[in-house]
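Chemist: Listed below are the residues making up each chain.
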Amino acid sequence: MALIHELKKIWNVKTLIIIFVLSGLYFIIALNSSIQSYPSGTWLFDADIAVYLTENYGATLEQDEFEDFLKLKEVIIFELDSFISSNAVFTGAGIYDFQDYENFRDDFHSRYDTRSEASMNLWIAISNEWGEILRIQIDGEWVDFVSDKEAPAAYTRYIGFNNVTAMYEYQWEENINSFILHTPLGKTETKRVLEIRDSGEMSAILSGHLVLHTWQYAQNLALLVVLAVFILVSPLVTIDKAVKVNLLQYSSMTGRKILKKQFAAVIISAIGITTLLLLCFAGIFYMATGARDFLMSGINSFMSFPYHWLSVTYGQYCLLIAGVIYLLSVASAAIAFVLSRFSQNLITLIFKVIPSFAAAVLLSLWLLDEFLGIYVGGDVFFKAFSLSIIFAAAIGIAIFAVKREKKTDLI
Amino acid sequence: MLFRLELKKILLSPMLIVFLALCLGFNLLIAIPGAYDEYASFVAGASKTAGYKLGAQFEEKIRKLEADEMRDYLAEDTAGKTDVFDGYDTAYIADAYIRRLNLSGYAAEAMRGKYAALQNAADDKAFTDESLTVYFASSTPDKHFGLHGITMRVLIAQCGILAALVMLLSLGYEHMSRTSLTVYAAKTGRNILRHKMLASISAALIAFAVLIGLTLLAYFQINDYGNIWKSSVSSIYNVIDDLLVGASRPFLTWQSYTVLTYLLAVLCIAAFLTVCFSFMAFVIGVWVKNSYVGFLLFLITNAGCLVIAIMFGARLPAYLSMLTPAWLWLKQPLWFTDGGADILWKNFEILGVCASLILLAGLCVFSAKMFKKRDII
Chain A
1 MALIHELKKI
11 WNVKTLIIIF
21 VLSGLYFIIA
31 LNSSIQSYPS
41 GTWLFDADIA
51 VYLTENYGAT
61 LEQDEFEDFL
71 KLKEVIIFEL
81 DSFISSNAVF
91 TGAGIYDFQD
101 YENFRDDFHS
111 RYDTRSEASM
121 NLWIAISNEW
131 GEILRIQIDG
141 EWVDFVSDKE
151 APAAYTRYIG
161 FNNVTAMYEY
171 QWEENINSFI
181 LHTPLGKTET
191 KRVLEIRDSG
201 EMSAILSGHL
211 VLHTWQYAQN
221 LALLVVLAVF
231 ILVSPLVTID
241 KAVKVNLLQY
251 SSMTGRKILK
261 KQFAAVIISA
271 IGITTLLLLC
281 FAGIFYMATG
291 ARDFLMSGIN
301 SFMSFPYHWL
311 SVTYGQYCLL
321 IAGVIYLLSV
331 ASAAIAFVLS
341 RFSQNLITLI
351 FKVIPSFAAA
361 VLLSLWLLDE
371 FLGIYVGGDV
381 FFKAFSLSII
391 FAAAIGIAIF
401 AVKREKKTDL
411 I
Chain B
412 MLFRLELKKI
422 LLSPMLIVFL
432 ALCLGFNLLI
442 AIPGAYDEYA
452 SFVAGASKTA
462 GYKLGAQFEE
472 KIRKLEADEM
482 RDYLAEDTAG
492 KTDVFDGYDT
502 AYIADAYIRR
512 LNLSGYAAEA
522 MRGKYAALQN
532 AADDKAFTDE
542 SLTVYFASST
552 PDKHFGLHGI
562 TMRVLIAQCG
572 ILAALVMLLS
582 LGYEHMSRTS
592 LTVYAAKTGR
602 NILRHKMLAS
612 ISAALIAFAV
622 LIGLTLLAYF
632 QINDYGNIWK
642 SSVSSIYNVI
652 DDLLVGASRP
662 FLTWQSYTVL
672 TYLLAVLCIA
682 AFLTVCFSFM
692 AFVIGVWVKN
702 SYVGFLLFLI
712 TNAGCLVIAI
722 MFGARLPAYL
732 SMLTPAWLWL
742 KQPLWFTDGG
752 ADILWKNFEI
762 LGVCASLILL
772 AGLCVFSAKM
782 FKKRDII
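The listed protein sequences derive, respectively, from chains A and B. Anchor point for the first sequence: position 30 equals 30 in the working numbering, and the numbering is continuous, going up by one each time. Anchor point for the second sequence: position 155 equals 566 in the working numbering, and the numbering is continuous, going up by one each time.
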């Protein structure tokens with residue numbers, strides 16, 4: 001009963017409204033940019049190609065499936081032929097299909113020193129039709145020509161198709177070998193990268209952009225969770241102390257157990273608010289980016305970089321991120337509880353909460369930075385160890401404060 | 412008398428001292444060490460003998476320095492530089508912004524006007540060869556952003572939060588110590604608000620001086636500036652990456668600033684910005700009894716100002732929101748320059764600070780007057 005009463009005190013309408021408003025503002029300021037900058041709607045980046053591949057071939061792309069994917073090239077070339085034959089800039093230059101264009105392009109590139117002004121202008125006009133940014137040297141000076149047109153869908157599909165086929169055929173292996181050769185990795189890191197290369201798990205279909213946007217979004221979301229936890233739970237004990245209701249409670253033997261109940265309420269509330277925020281904002285991310293299609297895909301994929309310490313699926317990767325956020329949230333709640341216990345009034349509390357929040361923010365950013373990625377200085381075991389120690393210390397200090405309460409003088 | 416007592420109450424508060432110490436610790440550990448740069452340090456050392464003005468004399472003096480890799484690199488880095496403002500035309504920036512943001516009407520006109528005015532500044536700088544100063548040579552963008560984009564921005568944020576907390580502490584003191592009913596029962600008692608406000612602003616400015624003074628002292632102990640202080644901030648090496656223009660462009664200030672005078676000007680605006688945050692906290696603190704909620708409302712107000720610009724894009728409310736304290740803080744690395752695509756008016760930092768001070772001071776007076784007539788319970 002006392003626990004429910006404490007929970008009611010924490011989950012008061014005023015605080016919830018503040019958290020709701022702050023979450024909305026925070027979404028617009030920080031979280032939404034991760035969603036807006038997600039490169040979907042074009043094949044220039046691998047996000048939409050990954051969706052196409054997953055829809056057609058499942059979580060991995062095997063050799064026979066890749067052969068089937070290659071047939072798509074004919075369709076894309078047909079689309080390009082249609083675009084070119086209906087475009088006056090191309091037809092005016094005597095280019096009627098994609099083969100003509102390729103001939104023109106190769107011819108242009110082969111005449112590096114003997115290009116006429118007319119052919120240069122034509123090349124600029126054609127690049128403009130493709131929606132490209134062109135950088136060419138004119139009279140010894142590099143000049144940029146930024147297209148004022150959207151790249152046609154057929155052309156972006158062509159670029160994306162070529163990139164992905166190259167990635168699948170040879171680039172993924174070249175990249176991983178180059179990573180081993182040119183990155184000052186430790187023994188364990190090298191062993192793990194070799195294991196990934198030879199295990200066959202690189203056939204997984206997963207966009208590198210999705211992984212990148214996931215951990216970046218998670219970093220921002222972790223900040224919101226920690227902020228919400230601090231706002232929600234920290235005033236509980238301080239308010240009781242400020243109105244001196246704790247003296248009344250503590251006058252009885254059983255009353256001194258109230259701090260234990262308050263601690264339990266704080267932890268339950270932290271888990272509750274974390275769940276709400278994760279469901280709401282992770283849900284928005286999954287719906288907006290189409291991430292739900294990749295839950296079964298391995299995170300080490302021929303399409304993406306960097307490589308990861310664990311051979312898990314994207315779904316498990318997200319669960320691990322959620323786990324880290326829960327641990328951060330509970331640790332923050334325990335710290336907030338201790339700060340609340342040792343603050344005489346709400347202003348004192350804020351003076352203590354702000355530095356703690358800043359520390360929690362730095363910790364969250366560090367822990368989730370390139371989450372599980374193999375990179376120099378990104379020792380995942382050290383991060384896991386640090387998180388465990390901080391979590392244990394926060395809970396330990398809170399439990400110590402609760403136990404000490406029974407014996408301490410109150411006035 | 413009351414002012415002195417209120418100020419004493421704030422300054423002797425252990426929380427304030429501990430908070431200042433924590434901020435200082437944070438700055439020393441996080442906001443400063445990354446700013447160290449070996450090449451920049453060498454340039455600063457070289458400037459003591461070679462001076463700060465680029466040209467034949469500078470190159471000659473550099474050649475006389477002890478031969479090593481750094482010397483050779485600096486010689487190569489500074490050889491044959493020409494004035495970047497010679498024939499520099501600012502109109503292309505306005506054109507790029509107007510085209511990329513689809514500006515029309517007043518916004519397009521104001522944008523063109525701003526860059527037409529900036530042309531005069533560029534011409535003046537061309538006349539005095541202002542860009543031909545070394546600053547930190549090719550390390551300049553990193554060093555300049557390190558101080559003005561990171562360290563100063565962290566410091567101003569800390570001072571803003573401190574100013575709000577100090578104001579809320581002072582205003583909430585009577586409620587916390589349960590003396591509000593006694594103090595505010597009398598008509599003269601309600602006048603205490605004026606003393607509280609002045610004491611809080613004074614305390615915030617004292618905290619500002621201590622925090623910024625000690626942090627910058629540590630910063631300049633780590634980062635030698637040698638003769639660089641006299642170099643112009645509009646040095647040829649100081650460039651801003653501008654995605655809308657599609658290239659980097661010079662750090663072009665409205666007036667001529669050396670590194671030293673620019674820092675002093677930034678500190679001056681930062682102090683006024685701290686006062687703005689104090690005023691904002693005062694308005695909230697008068698209306699909201701609970702200081703905890705008051706501080707959260709302070710955060711919401713500032714976050715709301717940031718959101719206006721995001722929601723409205725390239726429209727007038729967004730441009731007006733750029734003059735609010737929250738945005739002025741975010742735009743700090745561009746103070747005293749044109750401010751980029753989000754800014755329509757010349758000297759936006761001065762305009763913003765003045766407008767914010769006037770508006771917030773008006774709200775403070777209104778709130779204080781209402782407080783005198785309000786029921787306390």
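Since the hints were derived computationally from the structure, they do not count as laboratory data. Quantities reported herein were computed from a predicted structural model and do not represent experimental measurements. Be a bit skeptical, because a hint or two may be false.
Unchecked claim - In the DSSO-like style, the derived pairs of lysine-lysine whose C-alpha atoms are separated by at most 30 Å in a straight line are:
{"#": "1", "chain 1": "B", "residue 1": "Lys-641", "chain 2": "A", "residue 2": "Lys-14"}
{"#": "2", "chain 1": "B", "residue 1": "Lys-700", "chain 2": "A", "residue 2": "Lys-261"}
{"#": "3", "chain 1": "B", "residue 1": "Lys-757", "chain 2": "B", "residue 2": "Lys-641"}
{"#": "4", "chain 1": "B", "residue 1": "Lys-464", "chain 2": "A", "residue 2": "Lys-241"}
{"#": "5", "chain 1": "B", "residue 1": "Lys-420", "chain 2": "A", "residue 2": "Lys-244"}
{"#": "6", "chain 1": "A", "residue 1": "Lys-14", "chain 2": "B", "residue 2": "Lys-472"}
{"#": "7", "chain 1": "A", "residue 1": "Lys-8", "chain 2": "A", "residue 2": "Lys-261"}
{"#": "8", "chain 1": "B", "residue 1": "Lys-641", "chain 2": "A", "residue 2": "Lys-244"}
{"#": "9", "chain 1": "B", "residue 1": "Lys-464", "chain 2": "B", "residue 2": "Lys-757"}
{"#": "10", "chain 1": "A", "residue 1": "Lys-244", "chain 2": "B", "residue 2": "Lys-464"}
{"#": "11", "chain 1": "A", "residue 1": "Lys-260", "chain 2": "A", "residue 2": "Lys-407"}
{"#": "12", "chain 1": "A", "residue 1": "Lys-241", "chain 2": "B", "residue 2": "Lys-757"}
{"#": "13", "chain 1": "B", "residue 1": "Lys-464", "chain 2": "A", "residue 2": "Lys-14"}
Chemist: Work down the list of hints and note, for each, if the structure agrees.
Modeler: Comparing the hints with the structure gives:
no.	hint	verdict
1	B:Lys-641 / A:Lys-14	54 Å, violated
2	B:Lys-700 / A:Lys-261	28 Å, holds
3	B:Lys-757 / B:Lys-641	25 Å, holds
4	B:Lys-464 / A:Lys-241	64 Å, violated
5	B:Lys-420 / A:Lys-244	23 Å, holds
6	A:Lys-14 / B:Lys-472	68 Å, violated
7	A:Lys-8 / A:Lys-261	12 Å, holds
8	B:Lys-641 / A:Lys-244	60 Å, violated
9	B:Lys-464 / B:Lys-757	28 Å, holds
10	A:Lys-244 / B:Lys-464	68 Å, violated
11	A:Lys-260 / A:Lys-407	14 Å, holds
12	A:Lys-241 / B:Lys-757	52 Å, violated
13	B:Lys-464 / A:Lys-14	60 Å, violated
The structure does not agree with the numbered hints 1, 4, 6, 8, 10, 12, 13 stated previously, though it agrees with the rest.
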